[in-house]
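**Q** Work out the full structure: start from the sequences and follow the hints.
What follows is the residue order along each chain.
Protein chains: 2
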Amino acid sequence: MSPERLERINAMLDQRQPDLTVCMEGVHKNHNLAAVVRTADAVGVSDVHAVWKNETMRVSGGSAAGSQNWLDVHNYTNTKDAIDTLKQQGMQVLVTNLSASAVDFREIDYTQPTAIILGQEKFGASQQALDMADQDIIIPMVGMVQSLNVSVACSVVLYEAQRQRQAAGMYQQPRISQQRRQRILFEGGHP
Amino acid sequence: MSPERLERINAMLDQRQPDLTVCMEGVHKNHNLAAVVRTADAVGVSDVHAVWKNETMRVSGGSAAGSQNWLDVHNYTNTKDAIDTLKQQGMQVLVTNLSASAVDFREIDYTQPTAIILGQEKFGASQQALDMADQDIIIPMVGMVQSLNVSVACSVVLYEAQRQRQAAGMYQQPRISQQRRQRILFEGGHP
Ligand SMILES: C[S@@+](CC[C@H](N)C(=O)[O-])C[C@H]1O[C@@H](n2cnc3c(N)ncnc32)[C@H](O)[C@@H]1O
Ligand SMILES: C[S@@+](CC[C@H](N)C(=O)[O-])C[C@H]1O[C@@H](n2cnc3c(N)ncnc32)[C@H](O)[C@@H]1O
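In the order they appear, the protein sequences are chains A and B. Under UniProt numbering, the residue at position 37 of the first sequence is numbered 37, and the numbers go up by one with no gaps. Under UniProt numbering, the residue at position 132 of the second sequence is numbered 132, and the numbers go up by one with no gaps.
Warning: the hint list may mix true and false statements.
Here are some, though not all, of the chain B residues that point toward chain A, as calculated from beta-carbon distances under 8 angstroms [as the list claims (entries may be wrong)]:
(1) 12
(2) 31
(3) 38
(4) 44
(5) 151
(6) 155
(7) 156
(8) 171
Some chain A residues judged to face chain B by a derived CB distance under 8 angstroms, without partners named [as the list claims (entries may be wrong)]:
(9) 31
(10) 35
(11) 44
(12) 145
(13) 148
(14) 149
(15) 151
(16) 155
(17) 159
(18) 171
In short, the hints are calculated from the structure, not lab data. Just so it is clear, CB atoms sit at the ideal spot from N, CA and C, and this is done for glycine as well.
**A** The structure is reproduced here in structure tokens:
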């Protein structure tokens, strides 16, 4: 690996936020999967979680999501396993949800360890996700359309998290472990 | 039109922001066009502008962009005409641009009449757009990807504008003309 490339990758790793993550629950259109992962990378998310409703989706969707091999994609076959894992990691679990009872997404403290659940394109998040999550959040809308595109909703929330974390100095010092850094440098250096 | 529907449309019109707009310069993938228009509607944008590089794109793209008939789509065949029009309307013209000299998008005052230019998926905004615009703006990225999806970039900027305008009370009283309201009610009532 050239010194410039090593420096570039280390600079990226210095900004990674291992305690900010996204969980796609049944998102299956490839352009949405790709856009979610791309935005996640851009704000420093290091891990993305995906619940696949069936094998066909997992295979085709997994490659769209994995096209950025600079973050780790974790796959699940059901929602319970995914949310259990996120909770074991000490995350507050937020589910984006078009409901009058959901709180405005800007009221959340994203400097806490946070996982954001995104629902399926047509049907939204499942009842199980809503039951298990700590809080549901909504992005205000004042037009005639009923909902935003899922990758758009994801990025609006992630950039609010980025804003808060930047203000709190969380991009100022490296936050991933040495061990993880070495693994990613090794894998990235030998693609 | 039922009284409920009339009320719903009037409530939407009360939130419209006629001096906040988006101009797509050569954006041509249908899912991006649709997502841009959907997000624009959601933050209260009343007019969207589109520069088409050729006739085929205009026809197929125009229908994707026009799928929401609650906002007006203005079509151009070249960038100069579009930006001239926006400037005649007294807009500050911002172009989203991946350049080290662009300013952070959060530094802009979006309570001013504002047009945001979005560049083409592959090649970004044209030199002409950069030359004619008042300012270029960038959304910070700290990962390995080079750029965001165009509809994602659009929505991150539009929701910053929505945040500022909400704080300034600009959604508190109707801002479109009576004449325009009557036209939209008439058209929307007779689709
Ligand atoms: C197209 S929407 C799903 C619409 C579905 N009919 C529903 O009612 O949930 C797909 C996903 O985008 C996200 N989303 C879209 N608009 C949102 C908003 N305004 N606030 C929060 N999340 C939103 C949610 O994750 C949602 O599950
Ligand atoms: C995929 S990008 C174009 C990439 C192109 N290679 C370039 O260098 O401009 C498509 C459009 O999305 C917008 N965009 C994407 N990422 C952006 C960012 N970080 N800041 C500002 N605009 C961005 C711009 O409008 C850009 O023209």
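**Q** Does each hint hold? Answer for all of them.
**A** Going down the list of hints, with the structure as the test:
Hint status for residue 12 of chain B: holds, given a least beta-carbon distance of 5 angstroms to chain A, under 8 angstroms. Because the beta carbon of residue 31 of chain B sits about 5 angstroms from the nearest beta carbon in chain A, less than 8 angstroms, this interface hint is met. Taken as an interface hint, residue 38 of chain B checks out: its beta carbon lies about 5 angstroms from the nearest beta carbon of chain A, inside 8 angstroms. Hint on residue 44 of chain B holds. Least Cβ distance to chain A is approximately 5 angstroms, under the 8 angstroms limit.
At about 6 angstroms, the closest approach between the beta carbon of residue 151 of chain B and any beta carbon in chain A falls short of 8 angstroms, and the interface hint on this residue holds. Look at residue 155 of chain B: its Cβ gets to within about 4 angstroms of chain A, closer than 8 angstroms, so that hint holds up. Look at residue 156 of chain B: its Cβ gets to within about 5 angstroms of chain A, closer than 8 angstroms, so that hint holds up. Of the supplied interface hints, the one on residue 171 of chain B holds, with its beta-carbon coming within about 7 angstroms of a beta-carbon of chain A, less than 8 angstroms.
Of the supplied interface hints, the one on residue 31 of chain A holds, with its beta-carbon coming within about 5 angstroms of a beta-carbon of chain B, less than 8 angstroms. Interface hint status for residue 35 of chain A: upheld, as the beta-carbon distance to the closest one in chain B is roughly 4 angstroms, under 8 angstroms. Satisfaction of the interface hint for residue 44 of chain A is found here, the shortest Cβ-Cβ separation to chain B being roughly 5 angstroms, below the 8 angstroms cut-off. Look at residue 145 of chain A: its Cβ gets to within about 5 angstroms of chain B, closer than 8 angstroms, so that hint holds up.
Checking residue 148 of chain A against chain B by beta carbon gives a least distance of about 6 angstroms; that is within 8 angstroms, so the hint holds. Evaluation of the residue 149 of chain A hint against chain B yields a held restraint, the C-beta minimum of about 4 angstroms falling below 8 angstroms. At a threshold of 8 angstroms, the smallest CB-CB gap from residue 151 of chain A to chain B is about 6 angstroms, leaving the interface hint in force. For the restraint placing residue 155 of chain A at the interface with chain B, the shortest Cβ-Cβ distance is roughly 4 angstroms, inside the 8 angstroms limit, so the hint holds.
The criterion of a C-beta within 8 angstroms of any C-beta in chain B is met by residue 159 of chain A, whose closest approach is roughly 5 angstroms, and the hint holds. At its closest, the beta carbon of residue 171 of chain A sits 7 angstroms from a beta carbon of chain B; the interface hint therefore holds under the 8 angstroms criterion.
Hint compliance for this structure: no hint is broken.
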